[in-house]
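One-letter residues, chain by chain:
2 protein chains.
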Amino acid sequence: MQAAILAVGSELLGTERLDTNSLRLTAVLERHGVELRRKMVVGDSEAEIAAALGEALARVDLVLITGGLGPTADDVTREAVAAALGLPIVIDPEVLAGIERRFQKLGWKMPEVNRKQAAVVGGSQVLANSRGSAPGMRLDISAAGRPAPATLFLFPGVPSELTGMIVEYLEPWLAERSGGISRETAVLKIAGLPESLVEERITPAYGEFGRESITILAKPGDVLLVASAVGDAGQRRERLRAMTERLAGLVGDAVYAYSEEQTLESVVGDLLRGAAATLTVAESCTGGLLAERLTRVAGSSDYFLGGVVTYSNRLKTSLVRVPEALLAEHGAVSEAVARAMAEGVRAALGSDYGAAITGIAGPGGGSEEKPVGTVHLALAGPPVAPAAPGLAAPPVSSVPQIPPIPPTVEHRLLRLPGDRERIRWQSTQILLDMLRRRLLAAGTVAPA
Amino acid sequence: MQAAILAVGSELLGTERLDTNSLRLTAVLERHGVELRRKMVVGDSEAEIAAALGEALARVDLVLITGGLGPTADDVTREAVAAALGLPIVIDPEVLAGIERRFQKLGWKMPEVNRKQAAVVGGSQVLANSRGSAPGMRLDISAAGRPAPATLFLFPGVPSELTGMIVEYLEPWLAERSGGISRETAVLKIAGLPESLVEERITPAYGEFGRESITILAKPGDVLLVASAVGDAGQRRERLRAMTERLAGLVGDAVYAYSEEQTLESVVGDLLRGAAATLTVAESCTGGLLAERLTRVAGSSDYFLGGVVTYSNRLKTSLVRVPEALLAEHGAVSEAVARAMAEGVRAALGSDYGAAITGIAGPGGGSEEKPVGTVHLALAGPPVAPAAPGLAAPPVSSVPQIPPIPPTVEHRLLRLPGDRERIRWQSTQILLDMLRRRLLAAGTVAPA
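Order-wise, the sequence lines are chains L and V.
For the record, in the first sequence the residue sitting at position 37 is 37 according to our numbering, with numbers rising by one throughout.
For the record, in the second sequence the residue sitting at position 331 is 331 according to our numbering, with numbers rising by one throughout.
Hints are supplied without guarantee of correctness; some may be wrong.
As the list claims (entries may be wrong) - Partial chain V-side listing against chain L, Cβ under 7 Å, derived: (1) R101; (2) P111; (3) G306.
Unchecked claim - Listed below are the simulated DSS-like cross-link pairs for lysine-lysine, each with C-alpha atoms no more than 30 Å apart in a straight line: (4) L:K219 / V:K370; (5) V:K105 / L:K189; (6) V:K109 / L:K370; (7) L:K219 / V:K105; (8) L:K219 / L:K189; (9) V:K109 / V:K219.
For the record, the hints were derived by calculation from the structure and aren't laboratory data.
Where a beta carbon is used, it is the ideal one built from N, C-alpha and C, also for glycine.
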């Protein structure tokens with residue numbers, strides 16, 4: 001079954017509101033394996049509604065219309081549907097009695113304008129609306145020239161009323177046809193690879209599973225793969241398992257999560273907690289974004305001790321002990337200073353890992369040698385390599401500790417495209433991925 | 001002129017994402033008096049895109065398409081448009097060279113898949129994309145059977161790229177046709193008042209200017225009023241001036257800006273720069289969000305020296321000198337500690353103003369006495385009151401300085417509703433508004 005959603009309402013063509021009702025409808029359609037082919041929004045115009053309905057019916061066999069069923073003059077969905085299908089408008093006596101009762105209960109006489117809400121498209125199945133006065137309708141259309149009959153639902157646009165009618169009418173109708181829930185998805189989240197490179201890597205999976213069953217959603221430095229499977233419960237589970245395994249194999253260790261709820265910062269947090277390790281950060285161009293991302297995660301105080309935003313050079317020296325000579329010789333945006341910041345914040349604030357970012361986020365401040373987008377990342381922490389033979393094993397303890405041997409400091413130089421916001425975001429994204437890989441590597445040396 | 005917007009992307013037919021790009025396009029259309037007749041969303045399917053384009057062209061004379069111009073296999077907008085209009089696809093050598101240069105600058109070889117982004121619809125005007133690699137296109141369509149020629153724009157779906165192309169290409173093209181902007185808006189941005197209270201205050205203006213000419217857009221702690229006027233240039237200017245003045249009078253000093261580009265952090269930044277004053281911050285529950293917001297503003301290094309995220313109690317003592325006894329007696333979330341953090345960060349980091357936030361963002365950590373949403377704000381700075389008579393006037397200097405007299409520390413206790421993200425946002429919003437009011441008050445005592 002293929003579907004289209006048509007939202008009616010001039011306010012949905014303005015600059016303020018979007019048709020969010022379609023998301024609820026889409027969720028129900030997906031669960032029942034109905035493919036949504038298009039969404040449309042038109043204003044409160046009979047001609048526009050009728051045209052959109054005609055176009056939709058030419059391409060799909062289920063059309064869901066929301067809005068335009070109210071009592072006011074600009075509510076014209078009934079009339080448009082009747083005109084498009086060559087059907088009459090009739091007053092439904094039962095609906096009319098129900099509306100009159102509602103007003104009586106409030107102690108009011110029904111305003112004449114509400115009489116219109118008892119108008120229904122002739123030949124439709126009227127769907128009572130327990131949360132409001134405008135009923136919905138279902139129409140089965142088997143016009144000459146159609147290869148197969150189509151179905152049309154008319155729903156009110158008020159979200160609470162729509163939600164009720166989805167549960168009462170749409171869901172049971174779909175369940176009867178689909179014989180149970182039939183579509184499921186699995187996700188893979190990927191850090192640090194551009195969308196085009198992810199696409200290149202997963203191309204074999206398109207051939208094996210069908211291109212339409214894999215979707216790529218990308219934002220800078222963060223790619224989401226969505227795999228979907230149709231069938232009975234066993235088939236879906238088996239197919240999603242196979243797709244996930246294959247995609248993970250093709251993408252490699254850039255996959256950082258298998259659920260949409262997990263973020264790069266929550267994954268890093270789980271790894272830190274698992275290693276009973278602590279983290280501090282020193283930020284310059286990202287101005288606190290790294291700390292802010294880390295602390296979006298509830299419970300991050302388990303492993304994140306704090307950080308410093310050393311926006312001025314003076315604070316780089318006073319807070320994280322970057323030697324003035326180093327700043328003078330290399331400049332604040334340099335490998336030497338990034339390394340010194342990472343080591344300095346780790347030592348000064350007393351954590352297992354220390355991360356640092358210094359760069360030029362723009363729009364000003366760039367030069368020929370160090371253009372906007374130049375960013376140095378550094379990560380200081382316990383040595384990654386296993387202890388050399390002959391040395392005693394370090395004492396095992398669940399209490400975070402700073403080993404007496406000098407930390408290993410990794411460094412990366414980035415040349416990032418984009419504007420200030422994007423450069424700042426990408427810098428934190430790549431640093432978090434460095435930290436994730438470092439913690440994974442540390443974990444393989446000394447598994448918990 | 002009548003327009004339709006067609007958004008392309010299978011992800012826009014899922015349960016997560018809506019086509020928000022259409023809102024930006026609608027704003028530009030409205031400004032130029034173009035009526036939007038319909039919006040459509042289709043997936044990454046040549047047949048669906050071509051059908052939707054055909055339907056739109058039958059009803060309007062301007063079609064704006066977004067999305068599906070990327071490098072991956074599921075980006076098929078070009079092919080669909082070419083097929084629908086019977087035009088060929090050609091490789092644009094200039095675009096290809098540009099894409100290759102972008103990859104060279106990043107030190108990468110262009111992946112073969114990106115070659116596709118140089119493919120354009122034959123006969124189109126290619127619109128260079130300075131923010132990404134996929135160019136846009138404009139096509140003038142004067143097919144037989146059309147009463148009047150139509151125009152088609154193809155834009156990338158990435159919001160930042162689209163925004164750039166609207167400014168560079170769509171807006172000038174529309175301005176040429178509309179003979180000047182025919183609808184104009186003015187905005188007022190309001191901090192620290194709930195939407196319902198703003199609505200109550202401005203009710204008289206609804207009667208005076210018409211309800212439909214004033215729109216309220218709200219997010220937590222930040223309300224945007226949009227006043228709109230139609231007419232010739234003189235009428236619009238006069239009406240917007242009158243509306244702005246009236247609304248500002250009704251709302252009062254909670255209005256912090258009169259342009260959409262200004263943010264609370266940029267307004268605070270301008271005030272700090274104007275006062276030649278410097279700022280440092282100490283954050284606990286907001287975890288760096290305050291520093292991050294301040295440094296979103298380009299040039300913020302003029303006044304923002306840096307900050308500390310003292311997530312652990314130990315760092316509150318070591319970085320901003322909060323006495324351990326104070327923490328033990330009152331707890332980290334207390335007025336006494338907030339005040340000590342503000343004074344401490346100001347003194348330790350050497351700035352004119354020091355701001356501090358400590359609270360419980362949740363979901364865990366709340367108690368009967370200090371529930372989730374309990375937040376203490378403090379702001380330390382030069383005394384607000386004018387110098388007492390008989391005392392010598394303080395030395396005037398453009399160099400930022402810390403007065404030798406003890407700072408004035410303001411404090412606010414908040415009980416915020418909502419989830420972790422909202423509590424963190426609101427805390428920074430209200431602190432920034434405290435700082436704005438303090439700087440304004442300081443400015444009236446000693447105007448620059």
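Each hint, compared with the structure:
Because the beta carbon of V:R101 sits about 12 Å from the nearest beta carbon in chain L, more than 7 Å, this interface hint is broken. Checking V:P111 against chain L by beta carbon gives a least distance of about 5 Å; that is within 7 Å, so the hint holds. Interface restraint check: V:G306 against chain L, minimum CB-CB distance 4 Å, threshold 7 Å, status holds. Distance hint between L:K219 and V:K370 is unfulfilled; the C-alpha atoms sit about 38 Å from each other, more than 30 Å.
Between V:K105 and L:K189 the CA atoms are separated by roughly 27 Å; this keeps the pair inside 30 Å, and the hint holds. With a C-alpha separation of about 22 Å, the suggested pairing of V:K109 with L:K370 holds against the 30 Å cut-off. Taken as a hint, the L:K219 and V:K105 pair is honoured in the structure, with Cα atoms around 21 Å apart against an allowance of 30 Å. This hinted pair checks out: L:K219 and L:K189 have alpha carbons roughly 11 Å apart, not beyond 30 Å.
Restraint check: the Cα-Cα separation between V:K109 and V:K219 comes to about 44 Å, which exceeds 30 Å; the hinted pair is violated.
Checked against the numbered hints listed earlier, the structure breaks hints 1, 4 and 9; every other hint is satisfied.
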